[in-house]
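Q: Turn these sequences into a full structure, and let the hints guide you.
Residue numbers (the working numbering), protein chains in the order written: chain A, 1 to 301; chain B, 1 to 344.
Take the hints with a grain of salt, since some may be wrong.
[Stated by the list, open to error] Residues of chain B clear of chain A, computed beta-carbon distances all greater than 10 Å:
id	residue
1	S101
2	L108
3	L196
4	R290
[Said to hold, decoys possible] The following label-pair restraints were derived from C-beta to C-beta distances:
id	chain 1	residue 1	chain 2	residue 2	range
5	A	T58	B	V77	48 to 58 Å
6	A	F96	B	K84	49 to 59 Å
7	B	D283	A	E260	33 to 43 Å
8	A	D59	B	G72	47 to 57 Å
9	B	K301	A	Y7	36 to 46 Å
These aren't lab readings, by the way, just hints derived from the structure by calculation.
Just so it is clear, CB atoms sit at the ideal spot from N, CA and C, and this is done for glycine as well.
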Amino acid sequence: MSIQPPYLCKGDTIGIVCPSGYLPLADTNACVQQLQEWGFRVRIGATVGNKYHGFAGTDDERCADLQQMLNDPTIHAILCGRGGYGMSRIIDRLDFRWFRKSPKWIIGFSDITILHAHLFGRLHITSFHASMARAFADKNFSNIKTLHNALTGKNARYRCPPHQLNRKGEAIGPLIGGNLSLLAHITGTKTAFSAVGAILFLEDVGEYLYNIERMFIQLKRSGLLSNLSGLVVGGFTETKDGKIPFGATVEELIRAQVEEFSFPVCFGFPVSHADSNVTLKHGAIHRLSVTGRTVLLEEQK
Amino acid sequence: MKRSIFFKQLLLTGGAIASGQQLMATPSLSNPKKWMLPPDLKSGDAIGITCPSGFALQEDIAPAVQYLEKWGLRVVVGKTVGKKDHTFGGTDEERIADFQSMVDNPELKAILCARGGYGAVRIIDKIDFSPLRRYPKWVIGYSDITVFHSHLHAQVGMASIHAKMTEGFPSDPSIFEPTQLQALDTLRQALWGEKLTYTVPPNPLNRPGEASGVLIGGNLKILETLAGTPSDIDTRNKIFFVEDVGEALYSIDRMFCNLKRSGKLSQLKALIVGSFTNIRPDDPDEPFGRSIYDIVWNQVKEYDYPVCFDFCVGHQKNNVALKCGVHHRLQVTSDASTLTMFGS
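A: Here you go:
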């Protein structure tokens with residue numbers, strides 16, 4: 001069983017850090033305002049607004065900022081400002097000893113997938129796969145509301161419409177996953193985790209169809225897919241194709257790769273780099289139900 | 001013939017034992033101690049051409065056929081040549097059947113993959129490589145064919161040749177630059193069992209030194225997408241080479257993180273960095289700010305093995321034949337870097 005950090009109460013403090021890509025300070029305004037409206041205090045980390053090429057600071061700076069937030073007992077949750085690229089460069093330098101004794105919620109997605117994988121695989125601590133600071137300025141506020149619900153301890157219960165390529169069934173298991181490119185990237189490394197009995201969710205942005213398939217094959221050949229209890233496919237947005245078409249949609253190619261298994265599969269789940277990206281409690285036990293009429297993903301008490 | 005193969009295998013195994021952990025590359029098919037070195041080719045031998053990945057039309061491979069015949073080889077053109085299933089050289093079933101028929105064919109001494117692209121990983125687990133124990137042969141190619149080199153290294157235990165494919169053969173030699181023709185000739189030399197020695201100019205960022213070990217490597221992206229799978233290679237005590245094309249710098253950096261975090265950089269004998277061509281431009285607002293040299297150096301600075309940049313391997317004109325799974329010696333000095341094959 002995973003360890004769950006304490007939920008947040010009014011007056012608790014959320015720290016914002018940028019462990020990966022650069023984020024202008026002004027891009028956190030809407031986020032800070034909203035968090036304060038919810039009754040939280042906000043601490044802005046040194047990496048927010050800091051810029052070193054595409055990164056939010058040097059490796060040392062990003063590592064130190066996140067480390068400080070992990071260790072600081074007056075910080076109750078850590079919201080990553082944005083993804084981009086950079087977590088791979090610092091993950092092995094972070095010290096989770098204090099965090100392990102006194103876990104707190106870590107929030108983010110995309111490049112932050114590596115951190116979620118580390119928390120699940122190594123530390124067995126749940127975390128939130130959710131939109132990050134910049135998304136608070138978006139019009140689609142329903143995503144942001146799911147983060148408030150999650151932080152304050154409301155159990156998640158999400159529905160999405162059926163898809164013709166769904167495979168019906170029921171599954172119960174820890175909900176894990178994130179960005180496919182990052183999950184492929186950590187396969188075979190020390191951050192790789194076991195997905196036995198898990199409900200795996202995936203999303204990605206801007207990838208070539210053939211590359212999505214190649215990454216799927218990597219996950220399969222590494223054994224990650226063979227003992228899943230369910231597969232939740234989110235949005236694969238801005239996918240690219242070559243001059244000669246690949247000849248299958250992303251849904252078709254994924255379905256073909258899991259044809260040999262029998263676990264339930266659903267497509268079009270609202271987790272993505274686009275408008276719909278609900279908060280998912282990474283590592284917590286969920287139930288997935290895929291029927292002809294609906295898809296339901298709910299956290300188990 | 002048979003005696004000379006046996007002798008070479010003996011040499012190779014002897015070398016492996018002498019240098020310690022080389023047997024980490026032990027094949028798991030059957031006899032784990034027997035590393036296979038396919039026989040040298042000679043005039044009159046047969047070579048197959050097949051498309052395990054992207055498609056190639058008959059006219060695409062015609063110059064290669066002509067050239068190979070000029071070398072004195074008989075060319076067996078596989079059924080996938082001319083086949084086209086979207087980007088693939090036929091359906092998975094067709095590509096598997098064609099490759100398998102070449103593996104099974106006792107006449108063939110080599111299999112030239114027509115081209116890369118994408119598709120090898122879709123079929124690699126469906127091919128029965130066990131007939132290679134009786135009929136060892138050279139598998140030739142690069143880019144997506146890194147899947148085969150890695151799999152042969154990790155699972156089969158057979159040497160193979162990382163080299164140009166059919167597009168590297170000119171229809172008219174006068175349209176090719178001398179470096180292209182020379183690079184092409186290294187494939188003939190490799191097939192004929194001639195001693196291969198490559199010397200490249202120094203790069204001030206090289207780390208000097210001397211090392212010997214089994215050579216393995218290939219396309220960086222493919223190596224990353226094989227990590228954690230049965231085709232993943234063990235690079236310990238080896239001379240490891242990488243190249244890539246069309247990747248962004250941040251992605252190359254991330255792939256080097258993958259190499260490091262999957263343990264592929266810590267116990268090398270040496271690292272050879274080939275070309276990284278057509279690097280995808282950065283977002284102008286967020287330039288990555290580091291060169292390929294900085295990226296590599298950052299990942300290997302804590303070790304002390306020799307590092308050679310700008311080696312003549314990659315998606316470029318000067319892409320020489322490299323025998324994967326065979327012992328080599330690398331010397332990196334301030335004057336030049338030299339890679340020499342030994343064991344044949």
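Q: Hints first: check each against the structure and report whether it holds.
A: The hints, checked one at a time:
1. S101: The assertion about S101(B) holds, with a minimum of 23 Å to chain A.
2. L108: holds (27 Å)
3. L196: Holds: least Cβ distance 31 Å, greater than 10 Å.
4. R290: R290(B) is in fact no farther than 10 Å from some Cβ atom of chain A, at 7 Å.
5. T58(A) / V77(B): 48 to 58 Å: This hint holds: roughly 55 Å between Cβ atoms.
6. F96(A) / K84(B): 49 to 59 Å: holds (51 Å)
7. D283(B) / E260(A): 33 to 43 Å: At 39 Å between Cβs, range holds.
8. D59(A) / G72(B): 47 to 57 Å: Check passed, 56 Å falls within 47 to 57 Å.
9. K301(B) / Y7(A): 36 to 46 Å: Given about 44 Å between the Cβ atoms, the range holds.
Of the numbered hints stated above, the single one contradicted by the structure is hint 4.
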